[in-house]
Structure formats: C-alpha cells, structure tokens
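Each chain, written out:
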Amino acid sequence: MTNQTTSTVATLDAEAISLESVSLWRITWRRLFRRKSSVVGLGIIVALLLIAIAAPWIAPYDPLQVLIGIEDVKIRQAPCIHMLGCPQDQPQHIMGIDGNVRDQFSRLIFGTRVSLFVGFSTVTFAIVIGTILGALGGYFGGWIDNVIMRVMDVLLAFPSLLLAIAIVTVLGPGLINALLAIGIVSIPAYARVVRGSVLSVREMEYVSASRALGGGTFHILFVRILPNILTPLIVQGTLGIATAILDAAALSFLGLGAQPPTPEWGSMLGSERNQIFTAPHLVFFPGFAIMLTVLAFNLLGDGLRDALDPRLK
Amino acid sequence: MMLQYILRRLLAAIPVLFGILLVTFALARLIPGDPCRAMLGEKATQATCDRFIREKGLDKPIPEQFAIYMQDIARGDFGNSMRFNQPVTRLLIERLPTTVELSFSALLVSMVVGIPLGILSAIRHNSWVDVVTMVWANTGVSMPVFWLGLMLAYVFSLLLRDTVLWLPPSGRVSAGMDTTAFYIAWKLTLPETGILRGIAEFIGRLNILNALLTTNWDLLRDSIRHLILPALALGTIPMALIARMTRSAMLEVLGQDYIRTARAKGVRYNKVILKHAFRNALLPISTVLGLSLGTLLGGAVLTETIFGLSGVGRILYEAITARDYAIVQGFTVVIAVFFVVLNLIVDIAYTYIDPRIRLN
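Heads up: the protein sequence lines correspond to chains X and Y, in order.
So the first sequence is numbered by our numbering: it starts at 1 and just counts up by one.
So the second sequence is numbered by our numbering: it starts at 1001 and just counts up by one.
Worth double-checking, as some hints may not be accurate.
Unchecked claim - Estimated spans, in silico, between C-beta atoms of each pair: (1) 200/X <-> 1004/Y: 23 to 31 Å; (2) 1044/Y <-> 46/X: 37 to 45 Å; (3) 39/X <-> 1086/Y: 52 to 60 Å; (4) 1261/Y <-> 58/X: 53 to 61 Å; (5) 1046/Y <-> 58/X: 49 to 57 Å; (6) 1261/Y <-> 143/X: 26 to 34 Å.
Rather than coming from a laboratory, the hints here were simulated on the basis of the structure.
Backbone N, C-alpha and C define an ideal beta-carbon position, used for all residues, glycine too.
Kindly generate the complete structure, drawing on both the sequences and the hints.
Right under this line is the structure:
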C-alpha cells in the first residue's frame, strides 16, 4: 500500500515536472507574442529573411548592372512609380537610379543579404570566442580569470567604433575584415555575461553532482553549465545583431567595410552622401533599410529579455 | 572611506591604462604599409626612406620603441605628427575643443530631453504619451548616426532654408565671425609655450565658453546654431537609451511599498516622483549614461565627417588611413584615458547615489 502511494506520488511529480518543463518554453513564446512590439520585430525579421532568400526573384534588375544604353534613364534619377503618376512610357524604378546608373531598389534588396550575413556572422563569432573566454574565466577563477578579464577591460576602454576602425586599418579595408573587427570588439560583452552566469551556476548542486560522478572539466562546462546559462546569451546575442549591423554600416559608410560595387546599405549611403541636397532618395532609402533592420532586432531582443526574465514572472 | 574607495578605483585603472598604451602602440605598429612612403609619397628613394626611418627612430627594436614611447608620454610628449609636421599636443589643443563641445552638447541634449520623457512615460504608463515615447525611443536607438545627420541637414538646411528654422549644414561658425580668444580680448600676457598657454588656447577654442567669457553674443548665437544639428544627430541614440532606462527604472521604483507609504502619508505627488522615486531610479540611469559615452565618442567620428567639423574623430580617421603613428597613438590614448576617467567619475557618482556600493 505504502509502496503504491509512493509510486503514485512519484508519477504525479514526474507529470508535474514534465508539464512545467514543457510549459516553460510555451510561456516564453506566449509572453513573446503577447507583446505587440516583439511580434512586429519578429515579423520584420522573417520578412527580411524571405527577401534575402528570394532576392533574385524580387529584384527587377541585376544589382550590379549599369543601365546606360539599356534604358533611357539619367544618373541619380528620382524614383519613378507608375501608380503615383510617373509616365507609363518611362521605365519604373521605385527607388530611383544611383550614381552609377543602377537600379537602387534592386541593390537595396540584395543589400538585405549582406546586412543579415553581417549581423549573424559577427555575433556568432563573438559569442563563440566570448563564451569560451568567459566560461574559462568564470569556472577556473584565479589568474586565468584575472588575465582574461583585464584584457576584456582594455578592449572595453576603447569606444567600440574607434577600435573597430583601428583594427580594420590593420587588417585592410573589406567586408570580411570589418566583420572580424566588429566581432573582436563585441567579444567583451559576451565574455562578461557568460562569466557572470558561470560564477552564479558553478556552485550549484547539479554541477557538484556531475563533478562527483567524475565528469571532466570540459564536460561540466559545456554540457552541464552552458545550456543553463543560455538565456542571457540569447538576449545579448539578439541585441548584439542590431549593434553589429549598425557598426558594419558605419564602417562601410567610412569606406572601410564592404567595397564597391557590393550592394551594402552603409556603403551605398556613404558613396552618395554628398548628393543629399540633390538626390536625397539615394541617402534616404539605404538608411531607412538599416534603421528598419536594426529596429527589428532591437524589438525582438527586448521582447526576449522580458519573456525570458524570471523576475518578471 | 570615500577617499579609500576612489584610491582603490584609481589603482585598478592603472593596469587598464597600461593595456591601453600597449594596444595603441601595437596597433599603430601593426598598420600595414610603409610609413615612409605613406608620408613622403610613393616616389621616395630608398636612401631618403632609410634616413627618414632612422630620424624617426623606427629602426630600433620594438621593445625599445615602446620604452621610449612610455617615457615620452610620461613627460606629456606625444611626438610629432609626420603628416602635419606639428607636435601632436598642438593638434590636440586645436582639435579636441570641437569634439568636447560636440559631445557635451549631445550629452546635454540627451539628458534634458531623455530623462523628463522617461519620467513622463512612467507616470503615464500605457497612455498615448508612453506609447509614442517608446516607439520613438526604439526608433531612436536603431538609427544610424550618419543617416540621421544627413536627414537633419536635408530638412533644416534645404527644406526650411527660407524660414526662421533654417540651420547651417556644416562648420562651427559662419565665415567672417569674430572668434577672438578671451585671453586676447582681456589683453592677458601669456607665455608663448607651456601648459598655461595650452590651457588658455584650449578654452579659447571652445567657442560657446569663449563667447560667454568675451560676452560676444553674435558668436554665441552663431556657434549654438551650428551646433544644434550635429548635437541632435549625435545625441539621439543616448537620448533614446536614457528615456528607455529612466522609464523602466521609474516603473520599478514606483511599484515599491515606500512610494505608496509616502503618498499615504500625504506627501505631494510631484515630491514623491522627484524625491522618492527619481532619486532611486538614478542608479540605472547613470549606468546608461556611462555606457553612452563610448557611443558618443565613436559617433563623433561619423558626426564630424557629415557636418564638416575638424575634430578629434575626423583627424584620427585621417591619421589611421595615412599611417601617421604619432597621431593615432596620441589621440587614441587621450580618448581612451578620457573614457576611463569619465567612467571612473560615473562610478564615484554611484557611491553618492547609492552609499551601499561604497560600503560593499
């Protein structure tokens, strides 16, 4: 009888635990979707991903194609939209023509690929390196921690854009080097987040249990501890994508990132910045695209933080 | 207690400062390309280059170069710019005021607008004021500084050109404006060189302060008009961050029991908001303020590029591309040290806002 009761209780407990563990993610999703702003952010990101994938089908022109001799268009011609009264006999260019007589809308569409690639790749790079450094520092403590964190302090002592500019100058201008530079300057943020979380988790019972069972350092750090500190990393990563896209655009604007003729928003804007009074459309649209993309990741990041933050439960 | 805390913080800053010197020195040496050809042109002969390298001490072993560099910096000597053929300290005195004026006005704009908006948003939680402020703040943090700057210039310098709202798109003062420095106006006799002269010239180049000192109201009006657009462009991101942080910190504090107690005791609403709530919300706000400083200094490069201001950001960018070691090292060190000191001030300010930090 007693045995039966115990087993029933155990089953109930197991059910309760499994129910809770399922609902935790469900609660997170539900919370995320309850916030209008995070739905908007997520929606924009999905749309941008689709645009990036389907760019060749959406863009009416090749982004690198110079239209001289192909169409009757002028350099830096203003947008021509048939629905808004532009004569039907003129070719339609909804965002106008750029300084090299290319269709700006097509370049903007292909630019989505570059921006998303920049955001995801730099953050992945920074997360991988930052996590390893932060985890090692937090877990071992002592001089390892001291050395790692002091190096991070030095990196943080420079305004990040200036440091990125200096690193790109060392590596040479170009998109990949700009990505590396932005990746390097964002490492400290992740290292700090991970170190802090590891410090708070490493003395937990399940970690001691794993150690008692003979788990190796690598196993404990990356199999036991890491999955339990993912929450702040996800939030930091999403917000980090926004910063990375902004910084990459700034480097390209200064001529240090993506090089012409790559259709990158920052460099499109940078190369036409002196035309702001004569052809504002060449500055407005790429900048607006950057803002929209950055805004989407910021909104999603904020939403995730609120949804995953247990203090708000 | 307080002194001890400040001393401890100062000591902790020393390894960071050493690291900054090491990183700047290394970065400047790692910049690819030949500094001689970058300075003297591609056609410089080998003999000329050899002499140039010897004169500048670039043929010595790297550790020796670093030791010399450290000694020089300790004496306040940042070396000579190869490009401008001038001491870096001279260039700092000329260029730093532009950036200081720009950054401070941007910070001022961001605080004066951001904090009240955040408070208003929190006390009118979920109202249209709150929604509009937050939509605006989210958009603000997502805007590229260079785009915002160009758009502001387009609107205020072109679209509004024949109205009272017209603002100049570039430069610090209008052509022909009298910018006589205060020490000349006051007929002070200063030594030709030295630290006193440097400080006087530095202040004299802070146009707004100089205009106030010399009661030159035309210069004051003109400088402010030139500063509005760059300060708005540079200040928008920190402004949005501050508004967001003020709002969330205030919301958290306003939910506390002691606020209700204060209200129940009959303390006036405005007093509760400012004295009880805002004071306690200041800590996270000052953290954001400290973090914004880096954004400001980085953004200064972009803002100065757009508005044709020859400040620190601009010269540093030009020096990096021209491989002017001395400028790169000198200016980066000054900016990084400035940044460390400002963060130190923010940390010390914490202890005034929340004495628990000092005790722990």
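Now the hints, each set against the structure:
no.: 1; hint: 200/X <-> 1004/Y: 23 to 31 Å; in the structure: 28 Å, holds
no.: 2; hint: 1044/Y <-> 46/X: 37 to 45 Å; in the structure: 56 Å, violated
no.: 3; hint: 39/X <-> 1086/Y: 52 to 60 Å; in the structure: 57 Å, holds
no.: 4; hint: 1261/Y <-> 58/X: 53 to 61 Å; in the structure: 60 Å, holds
no.: 5; hint: 1046/Y <-> 58/X: 49 to 57 Å; in the structure: 55 Å, holds
no.: 6; hint: 1261/Y <-> 143/X: 26 to 34 Å; in the structure: 49 Å, violated
Violated hints, in rising order: 2, 6; the structure is consistent with all others.
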